[in-house]
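Modelling step: build the complete structure from the supplied sequences, incorporating the hints.
6 protein chains.
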Amino acid sequence: MSPKKVSESLTVMTEIVLPNDTNNLKNLFGGQLLSWMDRCAAISAHRHCGRIVVTASVNNVSFQLPIPEGSIVTLEARVSRTFTSSLEVFVDVFLEKNAKGARRKANEAIYTFVAVDQLGNPIQVPPVVPESEIEKSRFDGALRRRQLALILAGKMSPNDATELRALFFPNEKQN
Amino acid sequence: MSPKKVSESLTVMTEIVLPNDTNNLKNLFGGQLLSWMDRCAAISAHRHCGRIVVTASVNNVSFQLPIPEGSIVTLEARVSRTFTSSLEVFVDVFLEKNAKGARRKANEAIYTFVAVDQLGNPIQVPPVVPESEIEKSRFDGALRRRQLALILAGKMSPNDATELRALFFPNEKQN
Amino acid sequence: MSPKKVSESLTVMTEIVLPNDTNNLKNLFGGQLLSWMDRCAAISAHRHCGRIVVTASVNNVSFQLPIPEGSIVTLEARVSRTFTSSLEVFVDVFLEKNAKGARRKANEAIYTFVAVDQLGNPIQVPPVVPESEIEKSRFDGALRRRQLALILAGKMSPNDATELRALFFPNEKQN
Amino acid sequence: MSPKKVSESLTVMTEIVLPNDTNNLKNLFGGQLLSWMDRCAAISAHRHCGRIVVTASVNNVSFQLPIPEGSIVTLEARVSRTFTSSLEVFVDVFLEKNAKGARRKANEAIYTFVAVDQLGNPIQVPPVVPESEIEKSRFDGALRRRQLALILAGKMSPNDATELRALFFPNEKQN
Amino acid sequence: MSPKKVSESLTVMTEIVLPNDTNNLKNLFGGQLLSWMDRCAAISAHRHCGRIVVTASVNNVSFQLPIPEGSIVTLEARVSRTFTSSLEVFVDVFLEKNAKGARRKANEAIYTFVAVDQLGNPIQVPPVVPESEIEKSRFDGALRRRQLALILAGKMSPNDATELRALFFPNEKQN
Amino acid sequence: MSPKKVSESLTVMTEIVLPNDTNNLKNLFGGQLLSWMDRCAAISAHRHCGRIVVTASVNNVSFQLPIPEGSIVTLEARVSRTFTSSLEVFVDVFLEKNAKGARRKANEAIYTFVAVDQLGNPIQVPPVVPESEIEKSRFDGALRRRQLALILAGKMSPNDATELRALFFPNEKQN
Numbered sequence: 001m002s003p004k005k006v007s008e009s010l011t012v013m014t015e016i017v018l019p020n021d022t023n024n025l026k027n028l029f030g031g032q033l034l035s036w037m038d039r040c041a042a043i044s045a046h047r048h049c050g051r052i053v054v055t056a057s058v059n060n061v062s063f064q065l066p067i068p069e070g071s072i073v074t075l076e077a078r079v080s081r082t083f084t085s086s087l088e089v090f091v092d093v094f095l096e097k098n099a100k101g102a103r104r105k106a107n108e109a110i111y112t113f114v115a116v117d118q119l120g121n122p123i124q125v126p127p128v129v130p131e132s133e134i135e136k137s138r139f140d141g142a143l144r145r146r147q148l149a150l151i152l153a154g155k156m157s158p159n160d161a162t163e164l165r166a167l168f169f170p171n172e173k174q175n
Numbered sequence: 001m002s003p004k005k006v007s008e009s010l011t012v013m014t015e016i017v018l019p020n021d022t023n024n025l026k027n028l029f030g031g032q033l034l035s036w037m038d039r040c041a042a043i044s045a046h047r048h049c050g051r052i053v054v055t056a057s058v059n060n061v062s063f064q065l066p067i068p069e070g071s072i073v074t075l076e077a078r079v080s081r082t083f084t085s086s087l088e089v090f091v092d093v094f095l096e097k098n099a100k101g102a103r104r105k106a107n108e109a110i111y112t113f114v115a116v117d118q119l120g121n122p123i124q125v126p127p128v129v130p131e132s133e134i135e136k137s138r139f140d141g142a143l144r145r146r147q148l149a150l151i152l153a154g155k156m157s158p159n160d161a162t163e164l165r166a167l168f169f170p171n172e173k174q175n
Numbered sequence: 001m002s003p004k005k006v007s008e009s010l011t012v013m014t015e016i017v018l019p020n021d022t023n024n025l026k027n028l029f030g031g032q033l034l035s036w037m038d039r040c041a042a043i044s045a046h047r048h049c050g051r052i053v054v055t056a057s058v059n060n061v062s063f064q065l066p067i068p069e070g071s072i073v074t075l076e077a078r079v080s081r082t083f084t085s086s087l088e089v090f091v092d093v094f095l096e097k098n099a100k101g102a103r104r105k106a107n108e109a110i111y112t113f114v115a116v117d118q119l120g121n122p123i124q125v126p127p128v129v130p131e132s133e134i135e136k137s138r139f140d141g142a143l144r145r146r147q148l149a150l151i152l153a154g155k156m157s158p159n160d161a162t163e164l165r166a167l168f169f170p171n172e173k174q175n
Numbered sequence: 001m002s003p004k005k006v007s008e009s010l011t012v013m014t015e016i017v018l019p020n021d022t023n024n025l026k027n028l029f030g031g032q033l034l035s036w037m038d039r040c041a042a043i044s045a046h047r048h049c050g051r052i053v054v055t056a057s058v059n060n061v062s063f064q065l066p067i068p069e070g071s072i073v074t075l076e077a078r079v080s081r082t083f084t085s086s087l088e089v090f091v092d093v094f095l096e097k098n099a100k101g102a103r104r105k106a107n108e109a110i111y112t113f114v115a116v117d118q119l120g121n122p123i124q125v126p127p128v129v130p131e132s133e134i135e136k137s138r139f140d141g142a143l144r145r146r147q148l149a150l151i152l153a154g155k156m157s158p159n160d161a162t163e164l165r166a167l168f169f170p171n172e173k174q175n
Numbered sequence: 001m002s003p004k005k006v007s008e009s010l011t012v013m014t015e016i017v018l019p020n021d022t023n024n025l026k027n028l029f030g031g032q033l034l035s036w037m038d039r040c041a042a043i044s045a046h047r048h049c050g051r052i053v054v055t056a057s058v059n060n061v062s063f064q065l066p067i068p069e070g071s072i073v074t075l076e077a078r079v080s081r082t083f084t085s086s087l088e089v090f091v092d093v094f095l096e097k098n099a100k101g102a103r104r105k106a107n108e109a110i111y112t113f114v115a116v117d118q119l120g121n122p123i124q125v126p127p128v129v130p131e132s133e134i135e136k137s138r139f140d141g142a143l144r145r146r147q148l149a150l151i152l153a154g155k156m157s158p159n160d161a162t163e164l165r166a167l168f169f170p171n172e173k174q175n
Numbered sequence: 001m002s003p004k005k006v007s008e009s010l011t012v013m014t015e016i017v018l019p020n021d022t023n024n025l026k027n028l029f030g031g032q033l034l035s036w037m038d039r040c041a042a043i044s045a046h047r048h049c050g051r052i053v054v055t056a057s058v059n060n061v062s063f064q065l066p067i068p069e070g071s072i073v074t075l076e077a078r079v080s081r082t083f084t085s086s087l088e089v090f091v092d093v094f095l096e097k098n099a100k101g102a103r104r105k106a107n108e109a110i111y112t113f114v115a116v117d118q119l120g121n122p123i124q125v126p127p128v129v130p131e132s133e134i135e136k137s138r139f140d141g142a143l144r145r146r147q148l149a150l151i152l153a154g155k156m157s158p159n160d161a162t163e164l165r166a167l168f169f170p171n172e173k174q175n
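Protein chains in written order, with this note's numbering: chain A, 1 to 175; chain B, 1 to 175; chain C, 1 to 175; chain D, 1 to 175; chain E, 1 to 175; chain F, 1 to 175.
Each hint should be verified, as a subset may be incorrect.
Listed next, the in silico DSSO-like pairs over lysine-lysine satisfying Cα-Cα at most 27 Å (straight line) [said to hold, decoys possible]:
#1 E:4 <-> D:105
#2 B:105 <-> C:5
#3 D:105 <-> D:136
Not close to chain D: a few residues of chain C, all C-beta gaps over 12 Å, as computed [stated by the list, open to error]:
#4 4
#5 12
#6 19
#7 70
#8 72
#9 76
#10 85
#11 102
#12 124
#13 135
#14 140
#15 143
So, partial list: chain D residues that the calculated Cβ filter (under 7 Å) puts toward chain E [stated by the list, open to error]:
#16 11
#17 12
#18 13
Hints listed in this document are in silico derivations from the structure and should not be mistaken for laboratory results. Where a beta carbon is used, it is the ideal one built from N, C-alpha and C, also for glycine.
Written out as structure tokens, the structure reads:
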């Protein structure tokens, strides 16, 4: 399968935070943002491979800025790397200030999808080619994140997770 | 603050998977489940501490079983451990078969919340007392998960993450 | 068909009252609560018989406490009695005070469902066995409520409604 | 307060049954219809008295016809009678056949509302004047329904419920 | 096909403006009103012809009055004229004052629908017979609006648009 | 006020057509698309002027392609021209084929907004500078559309609508 650029999977969503999306502090519910990020990421994964995709996992997500009612929120999703039938997607969330201010990064999340056929069986996807610095950095990190997930799921021995060891224990790498 | 039992924060939600909640395979969207789990976990955290709580992070979530349209889904959330002003909550998701079959575990997720006052400032929460085997196991694991999150955020040195080292590299522990 | 306990059909739903659920006094719309109670009761009836169930009627429902925006509402539904293919279900609604207070009973409603096959034809359901005092009291009352409904629908003569006469005209019973 | 005609409170709502409104038989959920009827009845009560109204109770509702997905449903609500600060409202539900057929009555329900001021305290409402045969019949029946509700709530002795005795036990009336 | 009266297609919808329907000024979003008007107009067109109808175009819509949160909005749609397989529908929007005030016209819009068969192919519809003054005026105007639309779409020469010339350039008509 | 480029107001929204968004042919409701276009256009107008904007009018919208359930729809809105306190916004709608096909233009609409202050009074907005060919063409057309709207509203004499006369009656222009 011929590889695709990261930028070909760029998916942009713009949402307004409505009253039903907010908690008692009148800020956006975390769960509503998780749902928007999943939808944006799924479309991005679909654009990369042209297949039905199903959410496989959500990596560690940290909520950094409270997002008040009435805010305009922009989500940008891009495929960062693929493995056989799975696709890792980064979602960057930006908050637009109501009064002309510059937009600020409010959140970042990593979702993993599996491409499936009409019966739900996994199916191979094209590789992705990173171009910019941040695309390359996310591409490299994907392998470490995958090793971490496999170890946590008991499907890989820590000794084989060479990339991950380098991340956590830089001194040991030289041994 | 006087501690509370895990069982005091038990929160149960029952949902039916409606057509708008499903993808092209007629299975539940991952993002919709993430949103339900967040809401259930937030109520559980609120029951433990009686304060407004905001989602701080979502730990690694794996989607195990596809959940078809029309399914009855039951979510059970419980506070597993607290740290100063943060609360870790486990959500167990069960799928009820449409025809009398026994319910099956479909998913498990871990959310972290921060308790805040009316101005959004962090505020201390009571400790939690695990009783059953699984409650104790989740209580112990919470420390390792917290160390992992701190390392990933660059806020802790790997050398200080004694609990985490034991998880990933059991042989090193003895050194 | 082997009978089932009332407790086997217990169904719990937890909801937060969002802005769109409220009237101009910022209290929960009665209609929204009716809809939640119906859904909770339908799942309870389904759990008892494992069949598709359709709402047949709603008995007298009184709204006792106003439920303000932001409240956490818990619904508990249980099958109280069955008649051939119909199931009577009680729904108890509790209001959780936002600040640590004990929960209060806010409402109580009785729904009747009919179990149907895939073509919509009525189908027999298992009997239910009441155990606690309140379960027995609701089980006994179900017969009177059924007689009242049949008379109101013109399908039973008042003279045959022996249980109902006892309720309304206790002195006549002895005759 | 000057009385108003029943027809002045007529409120018409037209709805389409969408996929999310239906059960596994692809028919309208009872709970969704209960919610629409409440909203339509509340606007009718509001039109009669010009006040905020809150749902006080729902009388016996029977679901007669299944209403399939895609149906056009018309609701008509009218105030049938008032008592001090409460208003009884009838809702008639009609089902429009998709292919040119005449509309059929699908359901009928009776809701009771209480008019309140901005603080939620009950406030007096104008009387209603029935004109047509059916309006008069519903006006008369309202008193019997009110007596039944008071007896069921333990707020009236059966001996005082003269209207109700006539309904249930016509022969006793002559005594 | 036998013609129908305008009044036979009258469709009434009543809506309450909920918090999620409003912008930062707490007035109804224009887009939400556009959506309600389309639904009301589509049911009216369907009632006229008994066929599936799809929105073909929306003519110039002006929003005249802001509609605040909590308002009761009434929409009335009527078929004004038909052309082969297309139907022009007028929607009048009324705003009901919260405190007993008389209702005011808040908006007016014109939608055009095409009647189609199950495969989506256009299908002929019955003519409409205007009766009142306003019905006749709207019937006559429909031809000019159609000519304007055809010219804007490049499907008619301005010289052939005799009705439209009369509207814009009354003096030229006499030539 | 310093002018802004058209591209600075570009707003992108991506939506999936869910079951509740579709008619009996399983295609997107026109009204749902009108609502999405209004929201996207309003954010674009807001980005241009940094003010609250309210929908003033919708120009002729033609629905060209049916959009089936499950489709991914992309909306792109840009401010095309401003007049004192009003902003004309073009929305282009694209349909993404489910299986890797190239995206196709499905619709185009023109909305007009008015920028207002916190009290709802009109407020001046910056001019816009068109750069590309299509931006210039839309900028020029905006004046003709404005004259057409003013004539239709009876606020301009046809003799003063020089731009519009040129559009409809090219031969007369030379006189």
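Distance restraint between residue 105 of chain D and residue 136 of chain D, which requires alpha-carbon spacing of 27 Å or less: holds (20 Å)
Answer holds if the nearest beta-carbon of chain E is closer than 7 Å to that of residue 13 of chain D; otherwise answer violated. With a closest approach of 5 Å, the residue 13 of chain D hint holds.
Please confirm whether residue 124 of chain C is truly not at the interface, meaning its C-beta sits more than 12 Å away from all C-beta atoms of chain D. Answer for residue 124 of chain C: holds, closest chain D Cβ roughly 18 Å.
Against chain E, with CB atoms and a cut of 7 Å, does the hint on residue 12 of chain D hold up? holds (4 Å)
Please settle this one: residue 85 of chain C was flagged as non-interface, so is its CB more than 12 Å from every CB on chain D? At roughly 15 Å from the nearest Cβ of chain D, residue 85 of chain C sits farther out than 12 Å, so the non-interface label holds.
Please confirm whether residue 140 of chain C is truly not at the interface, meaning its C-beta sits more than 12 Å away from all C-beta atoms of chain D. holds (15 Å)
Does the claim that residue 4 of chain C lies outside the interface with chain D hold up, using a Cβ gap greater than 12 Å? holds (21 Å)
Take a quick look at whether residue 105 of chain B and residue 5 of chain C sit within 27 Å of each other, Cα to Cα. holds (24 Å)
Distance rule for residue 12 of chain C, whose beta carbon must clear each one in chain D by more than 12 Å: Given a closest Cβ separation of 17 Å, the condition holds.
Report holds if the minimum CB distance from residue 72 of chain C to chain D is greater than 12 Å, and violated otherwise. holds (20 Å)
Residue 135 of chain C and chain D, when compared Cβ to Cβ, separated by more than 12 Å: Residue 135 of chain C clear of chain D: closest Cβ-Cβ about 20 Å, beyond 12 Å.
Could you let me know if the closest chain D CB is still more than 12 Å away from the CB of residue 19 of chain C? holds (16 Å)
In terms of the numbered hints stated before, the structure departs from none.
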